[in-house]
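Assembly of the complex is requested from the two constituent chains, each provided in isolation within its own frame, with the hints serving as guidance.
If you read the protein sequences in the order shown, they are chains A and B.
Quick note on the UniProt record's numbering: the first sequence kicks off at 1 and runs consecutively.
Quick note on the UniProt record's numbering: the second sequence kicks off at 1 and runs consecutively.
Please note that a few of the clues may not be correct.
[As the list claims (entries may be wrong)] Below, computed lysine-lysine pairings styled on BS3-like, alpha-carbon distance capped at 27 Å:
{"#": "1", "chain 1": "B", "residue 1": "161", "chain 2": "A", "residue 2": "67"}
{"#": "2", "chain 1": "B", "residue 1": "99", "chain 2": "B", "residue 2": "176"}
{"#": "3", "chain 1": "B", "residue 1": "176", "chain 2": "B", "residue 2": "161"}
{"#": "4", "chain 1": "B", "residue 1": "238", "chain 2": "B", "residue 2": "176"}
{"#": "5", "chain 1": "B", "residue 1": "238", "chain 2": "B", "residue 2": "161"}
{"#": "6", "chain 1": "B", "residue 1": "176", "chain 2": "B", "residue 2": "2"}
{"#": "7", "chain 1": "B", "residue 1": "138", "chain 2": "A", "residue 2": "52"}
{"#": "8", "chain 1": "B", "residue 1": "138", "chain 2": "B", "residue 2": "176"}
{"#": "9", "chain 1": "A", "residue 1": "52", "chain 2": "B", "residue 2": "161"}
{"#": "10", "chain 1": "A", "residue 1": "67", "chain 2": "A", "residue 2": "52"}
{"#": "11", "chain 1": "B", "residue 1": "161", "chain 2": "A", "residue 2": "104"}
{"#": "12", "chain 1": "B", "residue 1": "2", "chain 2": "B", "residue 2": "238"}
{"#": "13", "chain 1": "B", "residue 1": "138", "chain 2": "B", "residue 2": "161"}
{"#": "14", "chain 1": "B", "residue 1": "238", "chain 2": "B", "residue 2": "138"}
{"#": "15", "chain 1": "B", "residue 1": "138", "chain 2": "A", "residue 2": "67"}
[Unchecked claim] Taking beta-carbon pairs under 7 Å as the criterion, some of the chain B residues facing chain A (in silico):
{"#": "16", "residue": "143"}
{"#": "17", "residue": "144"}
{"#": "18", "residue": "149"}
{"#": "19", "residue": "150"}
{"#": "20", "residue": "153"}
{"#": "21", "residue": "157"}
{"#": "22", "residue": "165"}
{"#": "23", "residue": "242"}
Think of the hints as simulated: they come from the structure by calculation, not from any bench.
Using N, Cα and C, we set each Cβ at its ideal position, and we do this for glycine too.
So the chains spell out like this:
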Amino acid sequence: MIGLHGVSHTFGSVAALAGIGLEVGEHEFVAVIGRSGCGKSTLLRLIAGLLKPSEGHVLVAGERVEKPRRDVSFMFQRPALLPWRSVLSNVLLPIEIFGLAQRKYRDRAHELLDLTGLGGFEERLPHELSGGMRQRVSLCRSLIQSPRVMLMDEPFSALDAITRTELSEELQRVQLELPRTVVFVTHSIDEAVLLADRIVVLSPRPGRIHRIVDVDLPRPRALGQVELDEVSRELRELLAEVTA
Amino acid sequence: MKVVLPVLGLLAIIGAWWLATIVFGIEPFLVPSPADVVAEFLEVPGYLLEQSLITLWEAVSGFGLSIVIGVPLALLIVGSTVLERMFYPLLVALNAVPKVAIAPIVVVWFGFGISSKVLMVVLVCIFPIVISTASGMKSTPGELVELFRSLDASRHHEFFKLRLRHAVPQIFVGLKVSITLAVIGAVIGEFVGSSAGLGYVISLSGGSANTSLAFAAMALLAIMSVALFYGLSYAERKLVPWSEEHRVV
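Next comes chain B alone, as it looks inside the complex (with noise of 0.2 Å):
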């Protein structure tokens, strides 16, 4: 049943699509059908897959630079009030800048190569990691917390074995969140300036009103963005069985 319904639910959209197309007669610049979607893939397969590679590429690597950089920032955060109260501030700000204004700029300091695409990744993912690291790692039970303060525990041992492993669900959750919009920062970086990726397909077809395409590049970074966030799911379900039971989502 876990994939059955979403499978179903799946197919009747397509269904309700393909339909909309024959039974309005929609032309296929407008909305292409599902069948020129899938005529249009298969023209160029090899070529598509390729683009597909790339931005999967930015996007993973992004995203693995911000758990890199995310999750000491956090450890950092919480150990210091001072940095804390420096920091965190300037960190909701620039969460908050939209980075379609920024990626101009990232073009021009890091040009049109793959690394302007991962710092526009890295830009979109390093909030949400770094958030839900800090707020998991303050969230530790006072109960267990005050456990190691009886056992005499340093500072290090009260980080790194007692607060950062408590913050593994939470991390999970940012990193879900972070996960799918890594995507979304690759796609970005490569409408404002490249020459290869996912991105630079739709807006190539975009200009040439070759809708067919646009769409058949927005279904594989679909599947990118859906197979990269139950990779997660799984590896959370792997990593902290112990989380299962105050699970929501």
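Next up, chain A with everything else stripped away, as it sits in the complex (with noise of 0.2 Å):
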């Protein structure tokens, strides 16, 4: 679904990214991990095409990547809702920027509203809600498209440390209801191991893939489970690797 072939970005004379490949295959959740300033970020807006690569290219469907797509979303880690607007109007709005018929999308809306605890909070303002619903309806609006594509940039980092919990076992629910491909940059081990099929360890400055690691563990999975921590103790091996 993703291909990423040589690709290398650079800001000004800084090195973000350089030689990454990685493929996507459809439906895989693939998380990206590594120390703040390892262009995490940059690999996602890559993808997304918020940002030209310096080098090589990016595929998305087997299509390469010039400007955003319709069929990829991105959520952000702040939950960037417009605050003038409603909670089910700020849902909708990739249907209202793509001049698509809301009408026809009213229904999906509630569903995904419902899907992830705030029915009942349609008409509320952003401001009325607490930080962990604030990131629930910016979920529900990168859903609304069915995108084929989900990028996530550290979605639940500036959230206190039970929402952030409730939200990442939410997401999984989320991903085995609705399955897509997805690209979710984190610092958090924990979440990574709960929530990805792989997991890509960068390297910092400039940004290498240092290693990939394959969670073979069946879903749902839980947080504190057993079986997560010998994958989260390599990991936490290999960050520290890299920083070395």
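Encoded structure:
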């Protein structure tokens, strides 16, 4: 579904990513982990078409990415909700921007909000919601267009630990119900192990793929499950290598 | 409490003023007592209210016109770096010129009627509106702009569905500054050349040493400004409930 071939990116004279090659299959969940400043976010923005690679090329569904695609959605670190719009109208924003008939998607928006426990909050404004609820709205918004690919840039990192756990378990549930191809950037080992089929460990400055770890564990997984520990330990060692 | 405290403050000032005129035995033609001012108003209430309405209309229509011109101007400035570089310094220069200095020229060009006053109002009002709109649009959070980019939104969408909407709370800051300036602009216009309005009443009463009448007109101007300002604040609370939490003033 996604292919990166010899992708490098430099900002001015600073090399952010170098020689990235990666294939992500359909409905595969790939987590990208690494220290801050290792180019994780840059990698996502290249796949999203928000940035153009300095070298190499990015393919999504067999086509070269030149600009943002409608079948690729992006979820940010912060909820990025429009404060003047109700929850429902925030979820429907992509539909409105794409110029599609909103009433056809209204039912789907309600379903997604119910799925993420936001039923009954449709008419609230974002500032009336808690941080976790806002990020759930953001998740619904990135699902409304039925994207083939979801790109998630540390989507839970601004939340408190409890909400964070809750949301990662919820994302697992959503992914089991509505499978997508996902690239999920995080610096949390627990999140990566809980959610991913494969985990890409990046080394910093410039970002390179240090190792790819397969997580062959059945789903649903649970945080704190003993089987996850082994993978977590391996990742912790890899991350320690990367900074050394 | 919201109403009680300002009213108490006002009554305290009026009381002090009254006391001063009695204790120091100040001549009414220098500083009239509150009673003199009220009496003067009650002598010609119809006339004074009529003049108030003229000034109010000049101020409000000039203010409205400033919004109609100022907001699109801000859109152009934000939309084009070339236009911004070309006209922004001119706008600053225009704002720096004392409006009292332009007033006589404006009267020469537009005559003694209402249009010269409306133009004066626009000249004082437009700058805060353009600045607040432009800076509000430019300060749209990066993640929201990136969200729109990731949806491949058109520039048109980015401007009208995002930047302009985001600027609304800041636009209101500019509007609140402008609305009080609007009344001042109208009065300057009336001072320089007119035969109606509260500014005209004040300049006339100065000539005939009728200080009470001037005070009555000034009180009406003050009431008008306060009413316009709080009317806008009320509209702001209704229109932008989400800005409540970042509001400082």
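Which of the listed hints are broken here? none
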